[in-house]
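Residues per chain are reported as follows:
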Amino acid sequence: MATTTASITIQSDITTNPVTITKEMVMHKFQSNVGIEETTGLQAKKFAATTAVVIVENTEGTAGKASKVYIRNTGTSNENFFYVALNASAAAADTTETIGKLYGGDWMLMPWAATAATSHDITVAPSTTDAMTLEFMVFQE
Amino acid sequence: MATTTAKLNIQSADLTPGMALNIDPPAMTMYQTGTTTGLELIDMGAGRLTQASGADALAEALGTADTTNYVYICNTSTDIEHYIKIGIHDTLIGHLGSEEWLFIPWNMGDADAEINIEAEASGTIPYEYAIFKSTFTLPAKT
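Sequence order for the protein chains is A and B. So the first sequence is numbered by numbering that gives the first Met the number 0: it starts at 0 and just counts up by one. So the second sequence is numbered by numbering that gives the first Met the number 0: it starts at 0 and just counts up by one.
Excised from the complex, chain A in its bound form:
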């Protein structure tokens, strides 16, 4: 059994009383205390077109099992971004179902229901033809 931990620290002074959220989780198999044991490994891909691209296919996961996906835009731009979507082919803002936008330096870590359908492919679409790089990794049982 492997032990994989992910910790997050969020700090904000939006409110007059500053907010700090600190949480650590161990990535477990579904409804289990056993750690996940598989990963795609950390991948990096450079993009230079606005075409939507599937970075994780639904077939890479197993329905009903625990999966987590880490994605990060390694750039620094505050104007250019990647759309991230659970979708068959595209990641436009109004396409079901776009999750959100990752600007330079932004990251996300989410559970992933690897439903066996293209509706659960993980698709990204750059907002620009300027070169941008995405790193990503899937953790699964």
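Incorrect hints may appear among the rest.
[To be verified] Calculated lysine to any residue pairs in the SDA-like style (CA-CA distance at most 25 Å, straight line):
| no. | chain 1 | residue 1 | chain 2 | residue 2 |
| --- | --- | --- | --- | --- |
| 1 | A | Lys64 | B | Leu20 |
| 2 | A | Lys28 | B | Asp65 |
| 3 | A | Lys28 | B | Ala120 |
| 4 | B | Lys84 | A | Thr8 |
| 5 | B | Lys6 | A | Gln10 |
| 6 | A | Lys28 | B | Tyr71 |
| 7 | A | Lys64 | B | Ala120 |
| 8 | A | Lys64 | B | Leu91 |
| 9 | A | Lys22 | B | Gly44 |
| 10 | B | Lys6 | A | Thr39 |
| 11 | A | Lys22 | A | Val33 |
| 12 | B | Lys84 | A | Thr73 |
| 13 | A | Lys44 | B | Gly17 |
| 14 | A | Lys64 | B | Pro16 |
| 15 | A | Lys22 | B | Arg47 |
| 16 | A | Lys45 | B | Gly33 |
| 17 | B | Lys6 | A | Gly40 |
| 18 | B | Lys6 | A | Pro17 |
| 19 | A | Lys22 | B | Thr15 |
| 20 | A | Lys22 | B | Leu40 |
| 21 | B | Lys6 | A | Thr132 |
| 22 | A | Lys64 | B | Glu127 |
| 23 | B | Lys84 | B | Asp65 |
| 24 | B | Lys6 | A | Thr2 |
| 25 | A | Lys28 | B | Tyr128 |
| 26 | A | Lys22 | B | Thr2 |
| 27 | A | Lys22 | B | Asp42 |
| 28 | B | Lys6 | A | Asn79 |
| 29 | A | Lys22 | B | Gly33 |
| 30 | A | Lys28 | B | Ala12 |
| 31 | B | Lys84 | A | Glu59 |
| 32 | A | Lys64 | B | Ser52 |
| 33 | A | Lys22 | B | Thr75 |
| 34 | B | Lys6 | A | Thr73 |
| 35 | B | Lys84 | A | Tyr69 |
| 36 | B | Lys6 | A | Ile20 |
| 37 | B | Lys6 | A | Thr15 |
| 38 | B | Lys6 | A | Met136 |
| 39 | A | Lys64 | B | Ala54 |
| 40 | A | Lys22 | B | Asn8 |
Read the hints as simulated data drawn from the structure, not as lab findings. This structure is a prediction, so every number in the text was calculated from the model and none was measured.
Using the hints, position chain B against chain A.
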């Protein structure tokens, strides 16, 4: 201007034998859409879900469509049977197990793009959340 940052670290000494994993990117700063102006809207809370309540909207997309927002949700239950389904409108994103959290961008792609949560397994599942927003429109008075 407010400053909101999120720092991630993922570590494993044995997931990939012989290659210890340590993903430790710099803290990200959350900006308003396409700018270097920090976010100034926050929605935080905690609650309890029961399976009987079905899917509930944790946050409606009551802001400007296609903007920059971020969502943190944590299932604070310690019972390994307890998990929460997380979705955007009709699309299931994934299952958040006990003591697990997620952090995602949320662009409020359209008015139907609500964040929804649903308890699975009997019992009461506690959760916490924080949503950092670029825009927000208060619901209309009834």
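Hints, verified against the model:
1. Taken as a hint, the lysine 64 (chain A) and leucine 20 (chain B) pair is honoured in the structure, with Cα atoms around 22 Å apart against an allowance of 25 Å.
2. Proposed proximity of lysine 28 (chain A) and aspartate 65 (chain B) is contradicted: the alpha carbons are some 34 Å apart, above 25 Å.
3. At roughly 16 Å between alpha-carbon atoms, lysine 28 (chain A) and alanine 120 (chain B) fall within 25 Å of each other, so this suggested pair holds.
4. As the CA atoms of lysine 84 (chain B) and threonine 8 (chain A) are separated by approximately 23 Å, the hinted pair is consistent with the 25 Å bound.
5. Of the supplied pair hints, the one linking lysine 6 (chain B) and glutamine 10 (chain A) holds, its CA atoms being roughly 9 Å apart against a limit of 25 Å.
6. Taking the CA atoms of lysine 28 (chain A) and tyrosine 71 (chain B), the gap is about 21 Å. The hint holds against a cut of 25 Å.
7. Between the alpha carbons of lysine 64 (chain A) and alanine 120 (chain B) the distance comes to roughly 16 Å, so the proposed pair stays at or under 25 Å and holds.
8. For the given pair, lysine 64 (chain A) sits about 14 Å from leucine 91 (chain B) by alpha-carbon distance, which is consistent with the 25 Å threshold.
9. Taking the CA atoms of lysine 22 (chain A) and glycine 44 (chain B), the gap is near 15 Å; set against the 25 Å cutoff, the hint holds.
10. Taken as a hint, the lysine 6 (chain B) and threonine 39 (chain A) pair is honoured in the structure, with Cα atoms around 23 Å apart against an allowance of 25 Å.
11. The suggested pairing of lysine 22 (chain A) with valine 33 (chain A) holds, with an alpha-carbon distance near 19 Å, which does not exceed 25 Å.
12. Distance hint between lysine 84 (chain B) and threonine 73 (chain A) is unfulfilled; the C-alpha atoms sit about 29 Å from each other, more than 25 Å.
13. A C-alpha spacing of about 24 Å is found between lysine 44 (chain A) and glycine 17 (chain B), which places the hinted pair at or below 25 Å, so the restraint holds.
14. Distance hint between lysine 64 (chain A) and proline 16 (chain B) is fulfilled; the C-alpha atoms sit about 22 Å from each other, no more than 25 Å.
15. A C-alpha spacing of about 19 Å is found between lysine 22 (chain A) and arginine 47 (chain B), which places the hinted pair at or below 25 Å, so the restraint holds.
16. Distance check on the hinted pair: lysine 45 (chain A) and glycine 33 (chain B) sit about 21 Å apart at the alpha-carbon level, within 25 Å; holds.
17. About 21 Å separates the Cα atoms of lysine 6 (chain B) and glycine 40 (chain A), which keeps this hinted pair within 25 Å; it holds.
18. Taking the CA atoms of lysine 6 (chain B) and proline 17 (chain A), the gap is about 16 Å. The hint holds against a cut of 25 Å.
19. For the proposed pair lysine 22 (chain A) and threonine 15 (chain B), the alpha carbon gap of about 24 Å is at most 25 Å, so the pair holds.
20. Distance restraint check for lysine 22 (chain A) and leucine 40 (chain B): the Cα-Cα separation of roughly 22 Å lies within the 25 Å cut-off, and the hinted pair is therefore satisfied.
21. Between lysine 6 (chain B) and threonine 132 (chain A) the CA atoms are separated by roughly 19 Å; this keeps the pair inside 25 Å, and the hint holds.
22. Annotation: proposed proximity of lysine 64 (chain A) to glutamate 127 (chain B) holds, straight-line Cα distance about 23 Å (limit 25 Å).
23. For the hint linking lysine 84 (chain B) to aspartate 65 (chain B), the alpha-carbon distance of about 24 Å falls within 25 Å, and the restraint holds.
24. With a C-alpha separation of about 20 Å, the suggested pair lysine 6 (chain B) and threonine 2 (chain A) falls inside the 25 Å cut-off, and the hint holds.
25. The hinted pair formed by lysine 28 (chain A) and tyrosine 128 (chain B) meets the criterion: a straight-line CA distance of about 23 Å does not exceed 25 Å.
26. For a cut-off of 25 Å, the pair hint linking lysine 22 (chain A) to threonine 2 (chain B) stands: about 20 Å separates their Cα positions.
27. Between lysine 22 (chain A) and aspartate 42 (chain B) the CA atoms are separated by roughly 18 Å; this keeps the pair inside 25 Å, and the hint holds.
28. For the hint pairing lysine 6 (chain B) with asparagine 79 (chain A), the CA-to-CA distance comes to about 21 Å; that is within 25 Å, so the pair holds.
29. With a C-alpha separation of about 28 Å, the suggested pairing of lysine 22 (chain A) with glycine 33 (chain B) is violated against the 25 Å cut-off.
30. Note on lysine 28 (chain A) and alanine 12 (chain B): the hinted pairing holds, with a Cα-Cα distance of about 17 Å set against a maximum of 25 Å.
31. About 20 Å separates the Cα atoms of lysine 84 (chain B) and glutamate 59 (chain A), which keeps this hinted pair within 25 Å; it holds.
32. Straight-line distance between C-alpha atoms of lysine 64 (chain A) and serine 52 (chain B) comes to about 24 Å, which keeps the hinted pair within the 25 Å bound.
33. Note on lysine 22 (chain A) and threonine 75 (chain B): the hinted pairing holds, with a Cα-Cα distance of about 10 Å set against a maximum of 25 Å.
34. For the given pair, lysine 6 (chain B) sits about 14 Å from threonine 73 (chain A) by alpha-carbon distance, which is consistent with the 25 Å threshold.
35. Taken as a hint, the lysine 84 (chain B) and tyrosine 69 (chain A) pair is honoured in the structure, with Cα atoms around 18 Å apart against an allowance of 25 Å.
36. Between lysine 6 (chain B) and isoleucine 20 (chain A) the CA atoms are separated by roughly 10 Å; this keeps the pair inside 25 Å, and the hint holds.
37. With a C-alpha separation of about 21 Å, the suggested pairing of lysine 6 (chain B) with threonine 15 (chain A) holds against the 25 Å cut-off.
38. Straight-line distance between C-alpha atoms of lysine 6 (chain B) and methionine 136 (chain A) comes to about 17 Å, which keeps the hinted pair within the 25 Å bound.
39. Of the supplied pair hints, the one linking lysine 64 (chain A) and alanine 54 (chain B) holds, its CA atoms being roughly 21 Å apart against a limit of 25 Å.
40. A hinted pair counts as satisfied when its Cα atoms are at most 25 Å apart, and lysine 22 (chain A) with asparagine 8 (chain B) qualifies at roughly 11 Å.
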